[in-house]
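In terms of UniProt numbering, the sequence shown is residues 1 to 596.
If you are wondering where the hints come from, they were derived from the structure by calculation, not from laboratory data.
FRET-style restraints, in silico, Cβ to Cβ:
# : residue 1 : residue 2 : range
1 : 209       : 101       : 40 to 48 Å
2 : 147       : 595       : 51 to 59 Å
3 : 261       : 559       : 51 to 59 Å
4 : 548       : 124       : 36 to 44 Å
5 : 331       : 118       : 35 to 43 Å
6 : 375       : 118       : 39 to 47 Å
7 : 132       : 595       : 46 to 54 Å
Glycine included, every Cβ here is placed at the ideal spot set by N, Cα and C.
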Amino acid sequence: MDDQRFPCHALFYETQLCQSQATADNSNRRQTGAGKVNYVHSLLFLNEKNQINRCVLCEKLACLQPMKTQTGMVSSDNSIQQEAVGSRIESGGFIGTVRFVGLLPEHAGQWYGIEWDNPSRGKHNGTVNGVQFFQTGHPTAGSFVRREKLNFGRTLIEAIAAQYGNEESDIAKRIHEQQIISLQRSINAPFIEFVGFDKVSSKQGKFESLKMISARAQHVSSLGDPSQLNTLFQNIQQLDLSKNLLNSWQTVFDVCRQLDQLFWLNVNANLLTFPEEPPPVFPKITILICGYMRLTWQDIKRLSLIFPNINELRANDNNITHLDTDSRHFKNLEILDLEHNPIGQWQEVMKLNTIKGLQELNIGGIRLERIDFGTAQAKADCFPNLTKLCLSNNLINDWTSVSELNRLPNLEGLRFSNNPILTSENPDTVIALVVAKIASLKVHNGRNLIGDLRISGEFRRGCEYDYLKKYGLEWLRVKNTPKETDFLKEHNRYLDLVHMYGELEHAELKIEDNSKLKNSLIGLNLVHKGREVSKKVSPFMLVQKLRILVQKLFKLEDLPALVCLEENQFEIPLDDETKELDYYCVKDNDRVFVNI
Numbered sequence: 001m002d003d004q005r006f007p008c009h010a011l012f013y014e015t016q017l018c019q020s021q022a023t024a025d026n027s028n029r030r031q032t033g034a035g036k037v038n039y040v041h042s043l044l045f046l047n048e049k050n051q052i053n054r055c056v057l058c059e060k061l062a063c064l065q066p067m068k069t070q071t072g073m074v075s076s077d078n079s080i081q082q083e084a085v086g087s088r089i090e091s092g093g094f095i096g097t098v099r100f101v102g103l104l105p106e107h108a109g110q111w112y113g114i115e116w117d118n119p120s121r122g123k124h125n126g127t128v129n130g131v132q133f134f135q136t137g138h139p140t141a142g143s144f145v146r147r148e149k150l151n152f153g154r155t156l157i158e159a160i161a162a163q164y165g166n167e168e169s170d171i172a173k174r175i176h177e178q179q180i181i182s183l184q185r186s187i188n189a190p191f192i193e194f195v196g197f198d199k200v201s202s203k204q205g206k207f208e209s210l211k212m213i214s215a216r217a218q219h220v221s222s223l224g225d226p227s228q229l230n231t232l233f234q235n236i237q238q239l240d241l242s243k244n245l246l247n248s249w250q251t252v253f254d255v256c257r258q259l260d261q262l263f264w265l266n267v268n269a270n271l272l273t274f275p276e277e278p279p280p281v282f283p284k285i286t287i288l289i290c291g292y293m294r295l296t297w298q299d300i301k302r303l304s305l306i307f308p309n310i311n312e313l314r315a316n317d318n319n320i321t322h323l324d325t326d327s328r329h330f331k332n333l334e335i336l337d338l339e340h341n342p343i344g345q346w347q348e349v350m351k352l353n354t355i356k357g358l359q360e361l362n363i364g365g366i367r368l369e370r371i372d373f374g375t376a377q378a379k380a381d382c383f384p385n386l387t388k389l390c391l392s393n394n395l396i397n398d399w400t401s402v403s404e405l406n407r408l409p410n411l412e413g414l415r416f417s418n419n420p421i422l423t424s425e426n427p428d429t430v431i432a433l434v435v436a437k438i439a440s441l442k443v444h445n446g447r448n449l450i451g452d453l454r455i456s457g458e459f460r461r462g463c464e465y466d467y468l469k470k471y472g473l474e475w476l477r478v479k480n481t482p483k484e485t486d487f488l489k490e491h492n493r494y495l496d497l498v499h500m501y502g503e504l505e506h507a508e509l510k511i512e513d514n515s516k517l518k519n520s521l522i523g524l525n526l527v528h529k530g531r532e533v534s535k536k537v538s539p540f541m542l543v544q545k546l547r548i549l550v551q552k553l554f555k556l557e558d559l560p561a562l563v564c565l566e567e568n569q570f571e572i573p574l575d576d577e578t579k580e581l582d583y584y585c586v587k588d589n590d591r592v593f594v595n596i
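Full structure from sequences and hints, please.
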């Protein structure tokens, strides 16, 4: 093809030829100012595919401009993605993993077997016409797709250029400038001149001063040229790589290696495999966000050694079930988020006690039913520095579990919304009970109970005194009887409150009107298919809330119908959800039958 310069890019090069070419090209010699001897020739050429060929005069020259990939995305030579098994792809807004590449019987051409992150996008489990081509974790997560429908992503450098600039962005120009500088060094030609970067130098400081970059959901599948990342964005401290097409921790490690100032890293929603090589160590990373990644606790412990100085770890929505931990891990951890992991047991949570510096723990939505430290000590020898705890969206259905939290010596903040036990009382009573049961509590569900210290003290005293009155009659009945132990387990602070305020007289506990009646509970025997469960509820609980409580208690699909058997004689349907139980004259020890 005919030699072509780069008029479309306004890039013309003038350089001193290497020694071997000087003799051969004497005819092209010209004298320039200051006695410099330069040789002029066209360094780079475009072929018919818009790809750059090497200079025909000097084999040392490397391609400066990126090549077009099949998807139309730009990618440099050393970052073209291998479309192999294990690669992550995007298609039509869905993300998946390549599990098979090859031919299918009776179907022409090459096919890609994809396991989709969202199983609703797939059709099968990798088996077609009785032949299994690949396996999926979900029976409908797999499908076969043609290559032209798949996006294999782009490099991080390209994503940043697209995210922070336009077609003529300064970032893109600086990337090109760095490639030119690399070319200068490779051919030992320090006098290269190029047109089109005269405005860049005045703006370089803008990029070098960037401290945070978000490349979230930018189809990033590889790093690209590592040196470009370090040169262009050397002061980056926070980087968001969440929801991309990365498939290996090695790429993440390569990024960390280039960004010396990085301390905050978000890799949420990337399904990454660990490299076989011994992992590096990155002591400067202190905050790691790695949710929605199907990680196990073994994976998390491995990461704790790679990032040894983490003080904040958010690993929500993973596959964590067991929490065995030893003193090698999490030596500097202060904040841990394990929300929505299928942990289930408080005994597993207690294994985190080896993390002595832990101050904040989020275990909301982990399917927790009970809290029991399993010790008779007033304060548990567990979590000595824990000040904030989230237990929302669990299955806790007894007040004894709340009482157990008083054993955490420094607990100040608690989130405890959306647990079944809360439906047994009105919201104001719930707050009063929680405050009375946990002596050190200052913040409940985000509500600051501190405020003005005088008001705070009055609020706590009111809650604690009401607590004494609420359970005073029951205490008088069980005092000095075998039932006293069970009472004090559920009402762990009762004796402390008696010591603080004095034991109330029987006359002070007498119920005289409806306002005081609300502080008493009635025991109902809930019966469903031969199973009978006793629950204490407020006589002023709405029928609607009782139906919800029963549904959760017996794990029913639909809200049940309730029929109260009063005094074992009269059946009364509780058929108006807007009425309180007292409206139907429901009494202590009545039986309520649950019907579907």
